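Engineer: First to last, the protein sequences are chains F and H. Just so you know, the first sequence maps onto residues 1 to 331 in the numbering used here. Just so you know, the second sequence maps onto residues 1 to 331 in the numbering used here.
Treat the hints with caution; some may be incorrect.
Identical copies carry no separate label here, and so any pair may be met within one copy or between two of them.
As the list claims (entries may be wrong) - Within a straight-line C-alpha distance of at most 20 Å, the following computed SDA-like cross-link-like pairs (lysine to any residue) qualify: (1) K170 to D197; (2) K253 to S265; (3) K8 to K23; (4) K253 to E225; (5) K213 to V55; (6) K168 to D288; (7) K140 to D313; (8) K170 to P29; (9) K80 to G31; (10) K56 to N237; (11) K168 to A185; (12) K140 to N237; (13) K56 to T16; (14) K253 to D103; (15) K253 to G224; (16) K8 to P120; (17) K140 to N236; (18) K205 to P254; (19) K140 to S265.
These are calculated hints, taken from the structure and not from any lab test. Remember, predicted model here, so these are calculated numbers, not experimental data.
Number of protein chains: 2
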Amino acid sequence: MARAWHLKSRPTGMPTHDNFEFKDLADTPLGDGQIRVRNSWLSVDPYMRGRMNDVKSYVPPFQIGEPLQGGAVGEVIESKADGYTVGDNVLHMMGWRDESVVDAANTMMPPQKLPAGTDPQLFLHNLGLTGATAYFGLLKTAAAKEGDVVFVSAAAGAVGSAVVQIAKAKGMTVIGSAGGPDKCAWVKELGADDCIDYKAGSVLKQLLAAAPKGIDVYFDNVGGEHLDAAYATARNNARFAICGMIDAYNDGKPLELLYFMRTISARIRTEGFIYTDYIAHIGEFMADAGGMIASGKLKARVTVKDGVENTLDAFLGLFSGANTGKMLVRV
Amino acid sequence: MARAWHLKSRPTGMPTHDNFEFKDLADTPLGDGQIRVRNSWLSVDPYMRGRMNDVKSYVPPFQIGEPLQGGAVGEVIESKADGYTVGDNVLHMMGWRDESVVDAANTMMPPQKLPAGTDPQLFLHNLGLTGATAYFGLLKTAAAKEGDVVFVSAAAGAVGSAVVQIAKAKGMTVIGSAGGPDKCAWVKELGADDCIDYKAGSVLKQLLAAAPKGIDVYFDNVGGEHLDAAYATARNNARFAICGMIDAYNDGKPLELLYFMRTISARIRTEGFIYTDYIAHIGEFMADAGGMIASGKLKARVTVKDGVENTLDAFLGLFSGANTGKMLVRV
Numbered sequence: 001m002a003r004a005w006h007l008k009s010r011p012t013g014m015p016t017h018d019n020f021e022f023k024d025l026a027d028t029p030l031g032d033g034q035i036r037v038r039n040s041w042l043s044v045d046p047y048m049r050g051r052m053n054d055v056k057s058y059v060p061p062f063q064i065g066e067p068l069q070g071g072a073v074g075e076v077i078e079s080k081a082d083g084y085t086v087g088d089n090v091l092h093m094m095g096w097r098d099e100s101v102v103d104a105a106n107t108m109m110p111p112q113k114l115p116a117g118t119d120p121q122l123f124l125h126n127l128g129l130t131g132a133t134a135y136f137g138l139l140k141t142a143a144a145k146e147g148d149v150v151f152v153s154a155a156a157g158a159v160g161s162a163v164v165q166i167a168k169a170k171g172m173t174v175i176g177s178a179g180g181p182d183k184c185a186w187v188k189e190l191g192a193d194d195c196i197d198y199k200a201g202s203v204l205k206q207l208l209a210a211a212p213k214g215i216d217v218y219f220d221n222v223g224g225e226h227l228d229a230a231y232a233t234a235r236n237n238a239r240f241a242i243c244g245m246i247d248a249y250n251d252g253k254p255l256e257l258l259y260f261m262r263t264i265s266a267r268i269r270t271e272g273f274i275y276t277d278y279i280a281h282i283g284e285f286m287a288d289a290g291g292m293i294a295s296g297k298l299k300a301r302v303t304v305k306d307g308v309e310n311t312l313d314a315f316l317g318l319f320s321g322a323n324t325g326k327m328l329v330r331v
Numbered sequence: 001m002a003r004a005w006h007l008k009s010r011p012t013g014m015p016t017h018d019n020f021e022f023k024d025l026a027d028t029p030l031g032d033g034q035i036r037v038r039n040s041w042l043s044v045d046p047y048m049r050g051r052m053n054d055v056k057s058y059v060p061p062f063q064i065g066e067p068l069q070g071g072a073v074g075e076v077i078e079s080k081a082d083g084y085t086v087g088d089n090v091l092h093m094m095g096w097r098d099e100s101v102v103d104a105a106n107t108m109m110p111p112q113k114l115p116a117g118t119d120p121q122l123f124l125h126n127l128g129l130t131g132a133t134a135y136f137g138l139l140k141t142a143a144a145k146e147g148d149v150v151f152v153s154a155a156a157g158a159v160g161s162a163v164v165q166i167a168k169a170k171g172m173t174v175i176g177s178a179g180g181p182d183k184c185a186w187v188k189e190l191g192a193d194d195c196i197d198y199k200a201g202s203v204l205k206q207l208l209a210a211a212p213k214g215i216d217v218y219f220d221n222v223g224g225e226h227l228d229a230a231y232a233t234a235r236n237n238a239r240f241a242i243c244g245m246i247d248a249y250n251d252g253k254p255l256e257l258l259y260f261m262r263t264i265s266a267r268i269r270t271e272g273f274i275y276t277d278y279i280a281h282i283g284e285f286m287a288d289a290g291g292m293i294a295s296g297k298l299k300a301r302v303t304v305k306d307g308v309e310n311t312l313d314a315f316l317g318l319f320s321g322a323n324t325g326k327m328l329v330r331v
């Protein structure tokens, strides 16, 4: 019998186990146009916290009493949909469970057949949402170009580590920020010119030392003190791509910015984005990122939690820095 | 003997009379390439507060012991510069004094001969820095277009009142914010569809009522609570032109934003600008604004202080809302 994580109540602040329930799914016969997938890997991502609130956003909120959703890859074990055969590997959005029933005709997010010979896991990180978010945010939203000085927070995270490598592959100077010496060492291994340990002292002081002439681009995954330090050090015509604000997802406190006013004197452009804004460019991304992966320029580290029953802990770990690189659940 | 306002010490927080000195200028014979101008009108503008700090910005700081500077118009009374004749009306940047010696060869800001038959005062507001700031910020930085819902703070101020009128002339819906019923009444007279009195209650609540479907463009002159309300109500792909933050010029406190995170879900673009960024388009501005002035679509109200000795009080009044429309000093 298939099992899934359900939303029991909407969290206030940091989610706890009380907000969720792991339980059996009713056995349902497959309808026309549907496939049944035995999942091998599940993705947990910070953006999912937003879907736990009952607010209108770019994706609809999770419903109380219903299973959660998210990126997953697995093998088709039953098919009533044209074009899908038992044994196919697919990427789909019905994760947080060991077995998924997926509508092949879902127009927003149809299940995507994966090419043979490519590790399916890649489609949950560097060839998937994670990689596309890094790629489009850096190169489209922030319009980063060769020679730019790029600052990226959560640089040891899934998106951040991809930003570091893509920026280096494109000839930029990269300063990362991460929590602790081990993560910083890995960020430098990925090619970053410098890495700030935000747990070791003031982000602003360390950033001023690492980028004495200032930054051209800031790729924001955290908000808060990092964002303010970016405003403080931005050069003229700097561009900020706002991807996530993990510092703020759970606390509900106002963002405090001492240096926002430099927006005027330095003509800083701050812009939010979701990777789907650039979906028309997905072919360009797949080709470019695929090439970087093949040549070893774009690597991933994966933090693995074993067992679908540990999916919630994997998710909660994102907010305490438990992951280096991409957090995945092996079902 | 010419007299000028000098900077005596750098203000901390709100400037006071102690930071300034009004005194005689030494008599100086005119050098080659210089003109002497008897000023008729002086401009005081919020951005001048920034030049009183000793920080690198888009204009160099005022120097202690030296006269302040700013926009002024007046009549040439002596000329040793080609192309300038006694009796010419000119616009120049050596204000805060009754009589100015101006370098005609100043490459940054040469004195500009004014056309006969046009009120020279116009070049200190709707045909000058004020009007150009409104025009470029609205139409270039924020890329506002017909049908957009535009929110503008300090809408009874010099720049704000021009934004209101230009936006209406271009077919936009305009919601202004101003302090008190008299100013709001004037903002509506200028054509605004609605005007929020920020002294009468929560900006956010009033803005939600005035723009129930949200805003496409925010023209920011004040920062603080207004900026946060704009983040709260921004529609998808909204554009914010950050022109000034008069709330923050003097207080040094952090900006507190509860709704900044909507930058991501609504893909808000926030961008700072200075009108000189668009100096290549100044001809387009002069033609378009000139036409709107001629047809009565772009009007100005001027708050006049008489006497060069009251220039400082005129300037200080900008921070307490003493002006409706453009604040000018009649020398």
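Engineer: Please flag the earlier hints that this structure goes against, numbers listed from lowest up.
Structural biologist: Of the numbered hints, 1, 7, 8, 13, 14, 16 do not hold.
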